[in-house]
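2 protein chains.
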Amino acid sequence: MATASLRLIPLGGLGEVGKNMMALEYGHDIVVIDCGVLFPEEEMLGVDLVIPDISYLIERQKKVRAILITHGHEDHTGALPYVLPQLKVPVYAPRLAHGLISVKLKEHRLLEEADLRMVTPGDTIELGAFRVEYFRVCHSIPDAMGLIIKTPVGTVVHSGDFKIDHTPVDGNTTDLTRIAQAGAEGVLLLLSDSTYAELPGYTPSEQVVGEALDQAVGEATGRVLVTTFASLISRIQQVIDAAEHHRRKVAVVGRSMEQNVEISRKMDYLRIPRGLLVGVREAKKLPPERVVLVTTGSQGEPTSALVRMANRDHRDLQVMPGDTVILSASPVPGNETVVGRTIDNLLRQGARVLYERVATVHVHGHASQEELKMMLNLARPRFFVPVHGEYRHLSAHASLAYEVGIPDSNIFILEDGDVLELTPTGGKVGESVPAGHIYVDGLSTWGTGNPVLRDRKVLAGDGIVTVIVVRDKATGQLASPPKVVSSGFLEPEETHDLFQRVSSAVEKALTSDGKPRSGGRLTRAKVKETASKLLYKETGRRPMIIPVTIEV
Amino acid sequence: MATASLRLIPLGGLGEVGKNMMALEYGHDIVVIDCGVLFPEEEMLGVDLVIPDISYLIERQKKVRAILITHGHEDHTGALPYVLPQLKVPVYAPRLAHGLISVKLKEHRLLEEADLRMVTPGDTIELGAFRVEYFRVCHSIPDAMGLIIKTPVGTVVHSGDFKIDHTPVDGNTTDLTRIAQAGAEGVLLLLSDSTYAELPGYTPSEQVVGEALDQAVGEATGRVLVTTFASLISRIQQVIDAAEHHRRKVAVVGRSMEQNVEISRKMDYLRIPRGLLVGVREAKKLPPERVVLVTTGSQGEPTSALVRMANRDHRDLQVMPGDTVILSASPVPGNETVVGRTIDNLLRQGARVLYERVATVHVHGHASQEELKMMLNLARPRFFVPVHGEYRHLSAHASLAYEVGIPDSNIFILEDGDVLELTPTGGKVGESVPAGHIYVDGLSTWGTGNPVLRDRKVLAGDGIVTVIVVRDKATGQLASPPKVVSSGFLEPEETHDLFQRVSSAVEKALTSDGKPRSGGRLTRAKVKETASKLLYKETGRRPMIIPVTIEV
Chain P
7 MATASLRLIP
17 LGGLGEVGKN
27 MMALEYGHDI
37 VVIDCGVLFP
47 EEEMLGVDLV
57 IPDISYLIER
67 QKKVRAILIT
77 HGHEDHTGAL
87 PYVLPQLKVP
97 VYAPRLAHGL
107 ISVKLKEHRL
117 LEEADLRMVT
127 PGDTIELGAF
137 RVEYFRVCHS
147 IPDAMGLIIK
157 TPVGTVVHSG
167 DFKIDHTPVD
177 GNTTDLTRIA
187 QAGAEGVLLL
197 LSDSTYAELP
207 GYTPSEQVVG
217 EALDQAVGEA
227 TGRVLVTTFA
237 SLISRIQQVI
247 DAAEHHRRKV
257 AVVGRSMEQN
267 VEISRKMDYL
277 RIPRGLLVGV
287 REAKKLPPER
297 VVLVTTGSQG
307 EPTSALVRMA
317 NRDHRDLQVM
327 PGDTVILSAS
337 PVPGNETVVG
347 RTIDNLLRQG
357 ARVLYERVAT
367 VHVHGHASQE
377 ELKMMLNLAR
387 PRFFVPVHGE
397 YRHLSAHASL
407 AYEVGIPDSN
417 IFILEDGDVL
427 ELTPTGGKVG
437 ESVPAGHIYV
447 DGLSTWGTGN
457 PVLRDRKVLA
467 GDGIVTVIVV
477 RDKATGQLAS
487 PPKVVSSGFL
497 EPEETHDLFQ
507 RVSSAVEKAL
517 TSDGKPRSGG
527 RLTRAKVKET
537 ASKLLYKETG
547 RRPMIIPVTI
557 EV
Chain X
7 MATASLRLIP
17 LGGLGEVGKN
27 MMALEYGHDI
37 VVIDCGVLFP
47 EEEMLGVDLV
57 IPDISYLIER
67 QKKVRAILIT
77 HGHEDHTGAL
87 PYVLPQLKVP
97 VYAPRLAHGL
107 ISVKLKEHRL
117 LEEADLRMVT
127 PGDTIELGAF
137 RVEYFRVCHS
147 IPDAMGLIIK
157 TPVGTVVHSG
167 DFKIDHTPVD
177 GNTTDLTRIA
187 QAGAEGVLLL
197 LSDSTYAELP
207 GYTPSEQVVG
217 EALDQAVGEA
227 TGRVLVTTFA
237 SLISRIQQVI
247 DAAEHHRRKV
257 AVVGRSMEQN
267 VEISRKMDYL
277 RIPRGLLVGV
287 REAKKLPPER
297 VVLVTTGSQG
307 EPTSALVRMA
317 NRDHRDLQVM
327 PGDTVILSAS
337 PVPGNETVVG
347 RTIDNLLRQG
357 ARVLYERVAT
367 VHVHGHASQE
377 ELKMMLNLAR
387 PRFFVPVHGE
397 YRHLSAHASL
407 AYEVGIPDSN
417 IFILEDGDVL
427 ELTPTGGKVG
437 ESVPAGHIYV
447 DGLSTWGTGN
457 PVLRDRKVLA
467 GDGIVTVIVV
477 RDKATGQLAS
487 PPKVVSSGFL
497 EPEETHDLFQ
507 RVSSAVEKAL
517 TSDGKPRSGG
527 RLTRAKVKET
537 ASKLLYKETG
547 RRPMIIPVTI
557 EV
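Same order as they appear, the protein sequences are chains P and X.
This note's numbering numbers the first residue of the first sequence as 7 and each following residue consecutively.
This note's numbering numbers the first residue of the second sequence as 7 and each following residue consecutively.
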């Protein structure tokens, strides 16, 4: 299906269009940008992970030249272990992302067979009809990059996840010069991060947080416990710097944080003075005012050290009055309640708690409105597609693009599976291709709209009642009174008499015409109807009712 | 248990201490402040409502002189239909709250027997040892009030839910003079609203929203649809004013909104020019630029008109390109995701959507930090108890009190069931009494920590597998192969072979020593263990497993 147009297809983002995976296609070549995983939303009961639907790519396996990773966050890399076994293509990634992906692939025993390649800013990669160049951006993980992709139709600029920080922790600023050069040479299409397109102004620099952390550590009279995202390496650096400044030792608590600190240190993304890091046991022996603990749990994860401490069920660590706890992160949407509860429980135990609402202990990693306009004005694209965000964020970003002068007809808000076809002079959204989300639950994967999830919703609401009817194969008579068992419905003491009444009612219904009804399906329908009516009348609830017939 | 001290006891607030119900006790007298309901949190699977535990009051029924309602919001009045049948005492309420409660009690067929009395600001009520006076405050519902309660130990001031608005819609400002007088005469204890104690500065006046709404309606070229809380009568007044100003008709959509508009209009809380209100049918015949629709759905409630329109499944109303939709409310914590999704779906259909993050179309009804300090400085209490808020809000409010000069030892952060004992010179938190939450689910009520909810959580996660073993009573032999059924576990086509293997494994396990095991409990344990191991190995999941044995 070679065409003379360039095709852009977001393949999966859970409303967050293009965040997790996009395809860029021209003639016989496809490059894939990012390969991320999503964490399930509240109503995806029991689902472990959400990955993009790659059936479009699998059908065009031979055309796929590479997967281009922009940075090391899970929502841009986490689906690789699920995708690579089905799509054997080279993966390009910045150095830190390369390191993190290697660890992950090793855990999945996929590292040997994977073709993982490291890129640095300025590298140029020829991939069929595409020439790809990576450029540096600032984000909440080191080594984040954007892409300049030369195509036969024109140049595509992809911002990656970015903000414009003139004083980042590692000194590596967003490469505005390279974007400006591309803009001056002519950009066909800009894809830009929309996560904070609703927010006016500029996102503050990491420097602000560094100063606030230093002050908080300096003021603390007891232990300091800092919690943040394990991938926010620059924040960990700031904590280490503050600890050093105030002559405290640092102990890292929790597996994912330890792992990331170790990798980052090995790869020189963290500068840790000799002797500063200590183990948790050693930290416990030091005077409280000489200790900083760094850990995860900023999202209220129930198994994290922070939440365990908040709930007084951590094996080694207890909150002590005089502790200062700093939540150097903001709750991801959906986590507000659990994070709030964690703060409450820390306060109850006498800790001082600093969090985003009451202190400047966090800034996020995405551009606000003025930075987004800056990106638009430097890249000066003919066409614009807002990416990375819910529909309202894309919509707000589209308005900004219109404000800086891009005509409405050249702005496209895409949804997963939409195919944008671009020529040097025009664009249109044509066909739709399969895209969206695949749920990973245990060892199974499912499409959306799965009946299992609908069932779980009913189970979660009113529980389940199973009614078992055993009949004699030969006579068709009931071999015993119908047995009723339940779960998640009522307390056992509430069910005893009630279930006896259900059993009698079912027995009566099945034998009302003098002989037991035959036909499994009919019997089950009758059992269900009888039990359901009686239970609703007596309890006001509608549990799931499962009739089972057994012949003996 | 008469004592010479005054006892203050928060009885239920779901972390939000004192929001929903508090008791004030002296000698042989108790007055109860508010009687609210809570909407269940996410993890309270299937729970309909949460009400306070009133066992402390029921045991002291004869001492309870009255329930004092501060305003008409559900979280201050909604438990009355559950509490009044158990606690037959007079209920005092401001005029609008009186009207709303009457409707609610009538629905529950409780109005006849209830002793409901109306109060106006300045009214003084003698209740045993207490003399209660209501005073006017501003809040997000008309006729909100605070309380000045004279007790033998000293004067208690309760702020109610309040903010300080110098230009409220109905012209009734918070009665700072009365609070100042009380302060000048001497206040023993101040109880004050902590909901927004984390927020610096002042809460903006409703006037700001009035102007923004007027501008939005003026600029709109098509229909305008405004959604807000049904109880936010002043906001509805602002919408009506804006509609009148721009010569549009107003149609009210949805039962709760219609009901509140009707009551408020009858009671003169809404001024609606003759001919301005039209029915939905009539509104549909008018040109779009002549119409304002007012409806609920600002919290993303799935059955609301707004959400139905957003999802394209409303019977009568469709979103049209050119519509302006105004969400004049902020999402209650926990509702952010569903509200966001509703905005997305409205935008997808071409509506312009104004919401809090992008326009000043809402301000909330609670005091921010400077207003809270004002309240503290006017009341000048000896003792302070922050109420209405999660622990972190109470804690932030306590810090403000300390900043304005109340000594730490005179500030008490209470939790439900804590008993604060006050004398004119000192206070201490002594014993704890039963308090907390009762869950209403269908026709049952439960305490917290209920096993049914734990079961529902497991069911929601991985579903349920029931394994049924039928044995011959006489011989103990299996009467048929074990039967395995499931729900919320795997798709039917995934289970067929798997469940046959489970059945065989269970059969083998039960007959492994040549004869079937006896003893129901042992059998069930064996069945559970066998099924559970096999299922985890083959699916990576841990469903709830219910073994059932039947003898025939």
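Hints listed in this document are in silico derivations from the structure and should not be mistaken for laboratory results.
Each hint should be verified, as a subset may be incorrect.
If several chains are the same, the list does not tell them apart, and a pair holds so long as it fits within one copy or across any two.
Cut-off 35 Å, straight-line C-alpha distance, at most; resulting in silico cross-link-like pairs (DSBU-like, lysine-lysine) [unchecked claim]: (1) Lys479 / Lys434; (2) Lys479 / Lys514; (3) Lys463 / Lys110; (4) Lys110 / Lys543; (5) Lys379 / Lys290.
State whether the alpha carbon distance between lysine 379 and lysine 290 is at most 35 Å within one copy, between copies, both, or neither.
neither (49 Å within a copy, 40 Å between copies)
Taking 35 Å as the upper bound on the Cα-Cα distance, should lysine 479 and lysine 514 be classified as within, between, both, or neither?
both (19 Å within a copy, 23 Å between copies)
As a check of your reading, is lysine 463 near lysine 110 (CA-CA no more than 35 Å) within one copy, between copies, both or neither?
Both ways: lysine 463 and lysine 110 sit 32 Å apart in one copy and 30 Å across, limit 35 Å.
Lysine 479 and lysine 434: within-copy, between-copy, both or neither at 35 Å Cα
So lysine 479 and lysine 434 fail the 35 Å test inside a copy (65 Å) and across (73 Å) alike.
As a check of your reading, is lysine 110 near lysine 543 (CA-CA no more than 35 Å) within one copy, between copies, both or neither?
between (53 Å within a copy, 23 Å between copies)
Hint compliance for this structure: hints 1, 5 are not met, and every other hint is.
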